[in-house]
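Once you have looked at the hints, place chain U on chain D.
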Amino acid sequence: MKYMDEYRDAKIARGIAAEIRRRSTRPWVLMEICGGQTHTLMRYGIDELLGKSVELVHGPGCPVCVTPLEMIDRANALARRPDVTLLSYGDMLRVPGSEMDLFHVKAEGGDVRIVYSPTDAVELARNNPDRHVVFFAIGFETTAPAHAMAVLQAERLGLKNFSLLVSHVLVPPAIRMLLQSSRNRVQGFIAPGHVCTIVGVGEYEELAREFHVPIVVGGFEPVDLLEAIRLLVVQLEEGRTEVENSYSRTVLYGGNRAAQDAVERVFEVTDRKWRGVGEIGSSGLRLQEKYAAFDAERLFGLQDVRAEEPSECISAEVLLGHKKPTDCPAFGTRCTPEKPLGAPMVSTEGACAAYHQYRRHLVTL
Amino acid sequence: MCLAIPGKVAEIQIKEGVRTGRVLFGGIARQACLDFVPEAREGDYVLVHVGFAISVVDKEEAERTYALLESMGVLGEELGLNADERRTP
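Read top to bottom, the protein sequences are chains D and U.
Position 123 of the first sequence, counted from 1, bears residue number 345 in my numbering, the numbering being contiguous throughout.
Position 27 of the second sequence, counted from 1, bears residue number 148 in my numbering, the numbering being contiguous throughout.
Worth flagging that the hints you see were computed from the coordinates, not collected in a lab.
All values derive from a computational prediction rather than experimental measurement.
Incorrect hints may appear among the rest.
Claimed, not checked - 25 angstroms max Cα-Cα, derived DMTMM-like pairs, lysine to aspartate or glutamate:
#1 Lys-136(U) - Asp-231(D)
#2 Lys-136(U) - Glu-277(D)
#3 Lys-129(U) - Glu-345(D)
#4 Lys-382(D) - Asp-156(U)
#5 Lys-328(D) - Glu-277(D)
#6 Lys-129(U) - Asp-231(D)
#7 Lys-561(D) - Glu-198(U)
#8 Lys-561(D) - Asp-295(D)
#9 Lys-233(D) - Glu-163(U)
#10 Lys-382(D) - Glu-182(U)
#11 Lys-233(D) - Glu-198(U)
#12 Lys-545(D) - Asp-231(D)
#13 Lys-233(D) - Glu-191(U)
Said to hold, decoys possible - Sample of chain U residues facing chain D (criterion: CB under 8 angstroms; computed from the structure):
#14 Cys-154
#15 Pro-159
#16 Leu-168
#17 Met-193
#18 Leu-196
#19 Glu-198
Where a beta carbon is used, it is the ideal one built from N, C-alpha and C, also for glycine.
In isolation and in its complexed conformation, chain D is listed as follows (with noise of 0.2 angstroms):
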């Protein structure tokens, strides 16, 4: 309880989580789908304090972790060349490729930069017209409305030397690839808050009927995350199936129409690979013919570059919650933040970086 306690709303937190114990009639399965709130759920110990009420199992809303192996190959092979500055979010720059991270390819000499928003990337391209500037455009809903404003933003100054290294992917398919596996442990889940906050919850409606699972629209902090396990709960021992928003302080029904027109204009649905998952059809975005001039795996010709993924990392049964990252042989010796064998240990929110990060400290529960 030694991190509860810091929290000023730990007795909400606490209390919350008795209602929970009572009302559970048996371990309930539930997934967290973002890498944000798995984070959470570990930092504050959650699920220890709900013992054996709730299973949590991780989902795979880690956009760092779920990012294609040839997908970083990719990445390595255009920030090797040397007319390009490849500009990333910092958490990619340590996910292993299949010889080297990116900045491993940065250490030999690549222009490989750390970027906060696309909004900086495009900066970069106008103010360098020598170079070709490339962002590794990674993500989930809510990433993708600033990747299409830039790539409009571009368009509108005529800029001739940016250009997008697209590997966006859908949280729904992976839900209904998690549904309809005869493995499927899950019984209701939490869908991600800021997913939501861009894209509303009427595909989770869908899900919640089409699979008679509950789903709850949930925050990252410990009450609100508290607060969607309850109603979870609450609804599978009610025998109900909805869709609730527990954060709707934030999420509206119809989520954010600017940033959905945003997307809707410069991308297109695609099928996509997800690292340690494999193809999940329709489960991406990529690019419209529009905007073949802002792609980076045509303008390169990158398409052929593939990857077949390690087969010692266990990251597939990992983010589809068949098992914990503690029952990997490699969790934690072999493989450690420091010197990683798969993504869900490089990513601050991964679930094994996030297992590994606080376990140890969860010693006085």
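Relative to the frame of chain D, chain U by itself:
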């Protein structure tokens, strides 16, 4: 990079057709695109994700979330701070 950080819109400008705000996160200022939150005004609190405001939130919510994210030590990465800025309390 999947989190959104709440900050206060200190100033709004139109820069080359883009509605841009100077947003304060604690003592740190960042430019954020406000095109997705046309309703945001100076003094409002917004959730910012990779340089784009994605929703308007109330002050109390913003301050609570910010304090939590700070205690979790994730602000540096989300705001793209360099090592020196991260050391600033």
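### Pair hint Lys-382(D) and Asp-156(U), alpha-carbon separation not exceeding 25 angstroms
Holds, because 24 angstroms separates the two Cα atoms, which is no more than 25 angstroms.
### Query
Within 25 angstroms, alpha carbon to alpha carbon, are Lys-233(D) and Glu-163(U)?
Answer violated: Lys-233(D) to Glu-163(U) is near 35 angstroms, above 25 angstroms.
#### Entry: Hinted pair Lys-136(U) and Glu-277(D), Cα distance within 25 angstroms
Between Lys-136(U) and Glu-277(D) the Cα gap is close to 49 angstroms, so the pair fails against 25 angstroms, i.e. violated.
### Pairwise hint evaluation, Asp-295(D) against Lys-561(D), where the allowed Cα distance is 25 angstroms at most
Holds. Lys-561(D) to Asp-295(D) sits at ~18 angstroms (cutoff 25 angstroms).
### Query
Is Lys-233(D) within 25 angstroms of Glu-191(U), Cα to Cα?
20 angstroms, holds
### Message
What's the verdict on Lys-233(D) and Glu-198(U), does the C-alpha distance respect the 25 angstroms limit or exceed it?
### Response
Given pair Lys-233(D), Glu-198(U) is violated - Cα atoms ~30 angstroms apart, limit 25 angstroms.
### Query
If you take the shortest Cβ to Cβ gap from Leu-196(U) to chain D, is it below 8 angstroms?
Constraint on Leu-196(U) not satisfied, violated at 12 angstroms.
### Query
Taking 8 angstroms as the limit, does the beta-carbon of Met-193(U) come near enough to a beta-carbon in chain D?
6 angstroms, holds
#### Entry: Straight-line alpha-carbon gap Lys-545(D) to Asp-231(D), limit 25 angstroms
It is violated: about 31 angstroms lies between the C-alpha atoms, which goes past 25 angstroms.
### Query
Going by Cβ atoms only, is Leu-168(U) closer than 8 angstroms to chain D?
7 angstroms, holds
### Query
Does the structure keep Lys-561(D) and Glu-198(U) at a Cα separation of 25 angstroms or less?
Judged against 25 angstroms, a Cα distance of about 20 angstroms means the pair holds.
#### Entry: Satisfaction of the Pro-159(U) interface hint, Cβ to chain D closer than 8 angstroms
Nearest chain D Cβ about 7 angstroms off; hint holds.
In summary, the structure is inconsistent with hints 1, 2, 5, 9, 10, 11, 12 and 18 from the numbered list given earlier, while agreeing with the others.
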